[in-house]
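Chemist: As given, the protein sequences belong to chains A and B, one line each in that order. So the first sequence is residues 0 to 74, counted in numbering that gives the first Met the number 0. So the second sequence is residues 0 to 410, counted in numbering that gives the first Met the number 0.
Keep in mind the hints are simulated off the structure, nothing from the lab. Predicted model only: the values in this text are computed from it and were never measured. Positions of the beta carbon are idealized from the N, C-alpha and C atoms, including for glycine. Just to be clear, a hint being listed does not mean it is correct.
[Stated by the list, open to error] Chain B residues, not near chain A, derived (Cβ > 10 Å throughout):
#1 Tyr72
#2 Asp73
#3 His74
#4 Ala100
#5 Asp134
#6 Ser188
#7 Gln192
#8 Arg198
#9 Asp240
#10 Phe336
#11 Pro337
#12 Ser350
#13 Glu382
#14 Gly387
[What the hints assert, rightly or not] Short derived list, chain A residues pointing at chain B, Cβ under 10 Å:
#15 Gly12
#16 Asp30
#17 Gly31
#18 Phe45
#19 Tyr54
#20 Ala58
#21 Cys64
#22 Pro65
#23 Lys72
[Claimed, not checked] Cut-off 27 Å, straight-line C-alpha distance, at most; resulting in silico cross-link-like pairs (DSSO-like, lysine-lysine):
#24 A:Lys41 x A:Lys29
#25 B:Lys331 x B:Lys403
#26 A:Lys8 x B:Lys54
#27 B:Lys207 x A:Lys59
#28 A:Lys32 x B:Lys331
#29 B:Lys386 x B:Lys356
#30 A:Lys8 x B:Lys87
#31 B:Lys87 x A:Lys29
#32 A:Lys28 x A:Lys8
#33 B:Lys62 x A:Lys28
#34 B:Lys80 x A:Lys32
#35 A:Lys59 x A:Lys28
#36 A:Lys28 x B:Lys184
#37 B:Lys325 x B:Lys356
#38 B:Lys87 x A:Lys28
#39 B:Lys54 x B:Lys87
#40 A:Lys8 x B:Lys184
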Amino acid sequence: MVVISHLRKRCIGCNYCVEFAPERWRMSKKDGKVTMIGGDEKKGIFTVRVTEDEYDNNAKAAHACPMNIIQIKVL
Amino acid sequence: MNKKIELMAPAGGFEALQAALDNGADSVYFGVDQLNMRARATMNFTLGDLEEISKRCSERGVKTYLTLNTIVYDHDLSIVKTVVNRVKETGITAIIASDQAVIGYARSQNVEVHISTQVNITNIETVRFYSLFADVMVLSRELSLRQIKSICEGVEKDNICGPNGKQVEIEVFGHGALCMAVSGKCYLSLHTQNSSANRGACNQNCRKQYKVIDLEDGHELEIDNEYIMSPKDLCTINFLDELINSGISVLKIEGRGRAPEYVATVIKCYREAIDAVQDNSYSEEKVAEWMARLGTVYNRGFWGGYYLGQELGEWTNKSGSSATQKKVYIGKGEHYFPKPKIGQFKLESHSLKIGDKILVTGPTTGAVETEITSLMTDDKQVEEAFKGQEITFPIDYTIRSSDKLYKLVEA
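Only chain A is shown next, with the shape it has when bound in the complex:
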């Protein structure tokens, strides 16, 4: 099991996470920030539990994020 977390309010909408993991991230045309599909919000941090097949793409997304607001952990 993999947990991805995202501090959405600091997103600058660069789109890199969408490029690496389009199945998990989608740009919001409403506010220009990325939305994590399936994420649950608690105190501004969105988290989702996914299967390990999503690890590689989302690890690339986390690495690419210039704001360092995506974290990925293997449980």
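Chain A is already provided as a structure; the job is to place chain B on it using the hints.
Modeler: For chain B alone, kept in the frame of chain A given last:
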């Protein structure tokens, strides 16, 4: 010299904004947390701050410019509209833009547009083109004084007017960091850290040491200075008379990522210098004094940029700042007694003694520098106070609990 020159200050937060207002800026520019070239900065204004910024500045007759000057993707178009609409609602004077989508939407809403340095205007025909949309345009930093003068003369001769019906105003950078690449058009941090400067996420990796190695034979090229991509900072105060006489209208100071005391010192020096040029009291002695004061705050060494016609950049020879003064955090504000003008602080680290130079910063206070002339702890006069003590001393500025107290020491 009768033409009024507008001094434009950077504001990365309320502290710097107040410092700009208190030290003589005619206008300020700032970004909100997306779509500005300092998007990575820890402190950025939000859309909710625009009302307060507009209020504070309009009370002082200071113009306000919001930067909306990154590259813009399709998914940004909605937020562009939101920001421009908010600019209009809150009475912000203008937006600084580079992308045509931003310029087009702002004009459709009758919001004043200024053209950002990212557009890199280097000739009179480009000025004429953008005059269809913008009232003020910043010129590329790569122009010489002679070229700037020629463009300013062209605007006057051809009476090139912006949407407001007045002749377009020409703006130039007067002081602050210079990029080794075309400003805001750099892939360096994108290539190495996926962090696009063009979206305001520059990692400044040009500021590091580099070597050039011939991969065929492994020889390192002889480089005296390994900071081969890190230019010194632009400083024009020593030829400001020439810069102003080239016909510019707006002098812009770089530094939205800088501390409030940087804004205070640089804006005060340039305010004095512009006034001196305009009342004919500009002199070598004054320049020497301004240069010394500018050197106290963050800098990588100074050079005159490309204005004086140098063909190559001047590179810095060390990392970080060459500032001659540094600040040490020592405590926080607690209370102010307005009648006797006494400030109360809690000393949280280090000591403080009579004669020390101090800096107080805060969102409403801005950045004020003064000297300790007398000091009290526990209702007793003392020469020196130490960590943990509550202290009071005379200070002409109102102190607030959000203020931070620093001691200024030689770097």
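Chemist: Are the hints correct? Go through all of them and say.
Modeler: Against the structure, the hints come out as follows:
no.: 1; hint: Tyr72; in the structure: violated (6 Å)
no.: 2; hint: Asp73; in the structure: violated (8 Å)
no.: 3; hint: His74; in the structure: violated (4 Å)
no.: 4; hint: Ala100; in the structure: holds (12 Å)
no.: 5; hint: Asp134; in the structure: holds (27 Å)
no.: 6; hint: Ser188; in the structure: violated (8 Å)
no.: 7; hint: Gln192; in the structure: violated (7 Å)
no.: 8; hint: Arg198; in the structure: violated (5 Å)
no.: 9; hint: Asp240; in the structure: holds (41 Å)
no.: 10; hint: Phe336; in the structure: holds (39 Å)
no.: 11; hint: Pro337; in the structure: holds (38 Å)
no.: 12; hint: Ser350; in the structure: holds (37 Å)
no.: 13; hint: Glu382; in the structure: holds (46 Å)
no.: 14; hint: Gly387; in the structure: holds (34 Å)
no.: 15; hint: Gly12; in the structure: holds (6 Å)
no.: 16; hint: Asp30; in the structure: holds (6 Å)
no.: 17; hint: Gly31; in the structure: holds (4 Å)
no.: 18; hint: Phe45; in the structure: violated (17 Å)
no.: 19; hint: Tyr54; in the structure: violated (18 Å)
no.: 20; hint: Ala58; in the structure: violated (13 Å)
no.: 21; hint: Cys64; in the structure: holds (8 Å)
no.: 22; hint: Pro65; in the structure: holds (4 Å)
no.: 23; hint: Lys72; in the structure: violated (20 Å)
no.: 24; hint: A:Lys41 x A:Lys29; in the structure: holds (21 Å)
no.: 25; hint: B:Lys331 x B:Lys403; in the structure: holds (5 Å)
no.: 26; hint: A:Lys8 x B:Lys54; in the structure: holds (26 Å)
no.: 27; hint: B:Lys207 x A:Lys59; in the structure: holds (25 Å)
no.: 28; hint: A:Lys32 x B:Lys331; in the structure: violated (36 Å)
no.: 29; hint: B:Lys386 x B:Lys356; in the structure: holds (17 Å)
no.: 30; hint: A:Lys8 x B:Lys87; in the structure: holds (24 Å)
no.: 31; hint: B:Lys87 x A:Lys29; in the structure: holds (19 Å)
no.: 32; hint: A:Lys28 x A:Lys8; in the structure: holds (15 Å)
no.: 33; hint: B:Lys62 x A:Lys28; in the structure: violated (31 Å)
no.: 34; hint: B:Lys80 x A:Lys32; in the structure: holds (14 Å)
no.: 35; hint: A:Lys59 x A:Lys28; in the structure: holds (23 Å)
no.: 36; hint: A:Lys28 x B:Lys184; in the structure: holds (25 Å)
no.: 37; hint: B:Lys325 x B:Lys356; in the structure: holds (11 Å)
no.: 38; hint: B:Lys87 x A:Lys28; in the structure: holds (21 Å)
no.: 39; hint: B:Lys54 x B:Lys87; in the structure: holds (14 Å)
no.: 40; hint: A:Lys8 x B:Lys184; in the structure: holds (26 Å)
The structure shown violates the earlier hints numbered 1, 2, 3, 6, 7, 8, 18, 19, 20, 23, 28 and 33.
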